[in-house]
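Visitor: What follows is each chain in one-letter form.
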Amino acid sequence: MSSVCVLTPMVVGSWPLIANAIAGTAASLGFTIAQHEREFEIGGANETERVEAEVANSEVVAETMGRAEKMTIERGGVRIEFGVDDRGRCTVCASGKGMAKRQLKAIADEVAGKVVQQFAYHKLMTELKQRKFRVLNESVGTDQAIQIQVQLDR
Amino acid sequence: MKKPTIDISIGKDGKVKIKVHGVSGKECLALTEAVAKIIGKEESRQLTSEYFGDGGQVRTHGQTESHVRGG
Chain A
1 MSSVCVLTPM VVGSWPLIAN AIAGTAASLG FTIAQHEREF EIGGANETER VEAEVANSEV
61 VAETMGRAEK MTIERGGVRI EFGVDDRGRC TVCASGKGMA KRQLKAIADE VAGKVVQQFA
121 YHKLMTELKQ RKFRVLNESV GTDQAIQIQV QLDR
Chain B
1 MKKPTIDISI GKDGKVKIKV HGVSGKECLA LTEAVAKIIG KEESRQLTSE YFGDGGQVRT
61 HGQTESHVRG G
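Heads up: the protein sequence lines correspond to chains A and B, in order. If you're matching positions, the first sequence starts at 1 in this note's numbering and goes up one per residue. If you're matching positions, the second sequence starts at 1 in this note's numbering and goes up one per residue.
Keep in mind the hints are simulated off the structure, nothing from the lab. There could be a bad hint or two in this list.
[Stated by the list, open to error] If you anchor each label on the Cβ, the simulated ranges turn out as follows:
{"id": "1", "chain 1": "A", "residue 1": "Glu-52", "chain 2": "B", "residue 2": "Lys-3", "range": "41 to 49 Å"}
{"id": "2", "chain 1": "B", "residue 1": "Gly-25", "chain 2": "A", "residue 2": "Ala-23", "range": "35 to 43 Å"}
{"id": "3", "chain 1": "A", "residue 1": "Asp-86", "chain 2": "B", "residue 2": "Ala-34", "range": "28 to 36 Å"}
{"id": "4", "chain 1": "B", "residue 1": "Lys-3", "chain 2": "A", "residue 2": "Ala-34", "range": "42 to 50 Å"}
[Stated by the list, open to error] For the chain A half of the interface with chain B, some residues (derived, Cβ under 8 Å), not all of them:
{"id": "5", "residue": "Thr-8"}
{"id": "6", "residue": "Pro-9"}
{"id": "7", "residue": "Tyr-121"}
{"id": "8", "residue": "Arg-131"}
[Unchecked claim] With a straight-line Cα cutoff of 25 Å, these simulated BS3-like cross-link-like pairs (lysine-lysine) come out:
{"id": "9", "chain 1": "A", "residue 1": "Lys-97", "chain 2": "B", "residue 2": "Lys-37"}
{"id": "10", "chain 1": "B", "residue 1": "Lys-26", "chain 2": "B", "residue 2": "Lys-37"}
{"id": "11", "chain 1": "B", "residue 1": "Lys-3", "chain 2": "A", "residue 2": "Lys-105"}
All C-beta atoms, glycine included, are put in the ideal place defined by N, C-alpha and C.
Hey, can you work out the whole structure from these sequences and the hints?
Guide: Below is the structure:
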């Protein structure tokens, strides 16, 4: 090899691009996209805990004046709400009945990391193909890392 | 002529690691920087013997930032 480089993705894009990454995350982690603002079932002995996190290095580029972008995914009683804060960062709020904050934080962090992975994957694949790179191999490892090998066609 | 190849690993936390093969010197740097610009921020870089075209090995760590707006 001649060069090894470690990069941190900047998740900068319009809401539809980031929503695509959220949808990819939901599919790969077994979440389903929730229908608009449906409330959790009321009742049960346990209180609903909530924790906040954010998608690292994110910036949602506004295409309209409003900041009404929201998306919710669910899995086994855990609900993850994505939104955009006043500074344009993509926020992640995890909630679930009968779950400890620590558990919810771990889930929120896992989901936020996966959104970054999905965003980086789609952006790389789109841009590399435009730059005449050919995909030779693509796989997902046991550590959930996406492995891609590309070659420059010239 | 050998075609440049890039191995890309995108971790579950989103961190991206790239390895460029098949080119040396400025062309290697140009390819690395092209991919870095797509992704965003470079944390570290290691140059190895193939880069120099001989048996030497040098390691560098950087904190350069190339913040780009995606589409």
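Visitor: Evaluate each hint against the coordinates.
Guide: Each hint tested on the structure:
Between Glu-52/A and Lys-3/B the beta carbons are some 47 Å apart, a value that agrees with the proposed interval 41 to 49 Å. Hint check: Gly-25/B to Ala-23/A, Cβ distance near 42 Å, so the stated range 35 to 43 Å holds. As the Cβ distance of Asp-86/A to Ala-34/B is approximately 34 Å, the hint placing it in 28 to 36 Å holds. For Lys-3/B and Ala-34/A, the Cβ-Cβ distance of about 46 Å falls inside the hinted range of 42 to 50 Å, so the restraint holds.
Below 8 Å, beta-carbon pairs count as interface contacts, and Thr-8/A has one with chain B at about 4 Å; its hint therefore holds. Because the beta carbon of Pro-9/A sits about 5 Å from the nearest beta carbon in chain B, less than 8 Å, this interface hint is met. For Tyr-121/A, the interface hint holds, the least distance from its beta-carbon to any beta-carbon of chain B being 6 Å, beneath 8 Å. Because the beta carbon of Arg-131/A sits about 7 Å from the nearest beta carbon in chain B, less than 8 Å, this interface hint is met.
Between Lys-97/A and Lys-37/B the alpha-carbon distance is near 42 Å, which puts this suggested pair outside the 25 Å criterion. Between the alpha carbons of Lys-26/B and Lys-37/B the distance comes to roughly 16 Å, so the proposed pair stays at or under 25 Å and holds. Distance hint between Lys-3/B and Lys-105/A is unfulfilled; the C-alpha atoms sit about 44 Å from each other, more than 25 Å.
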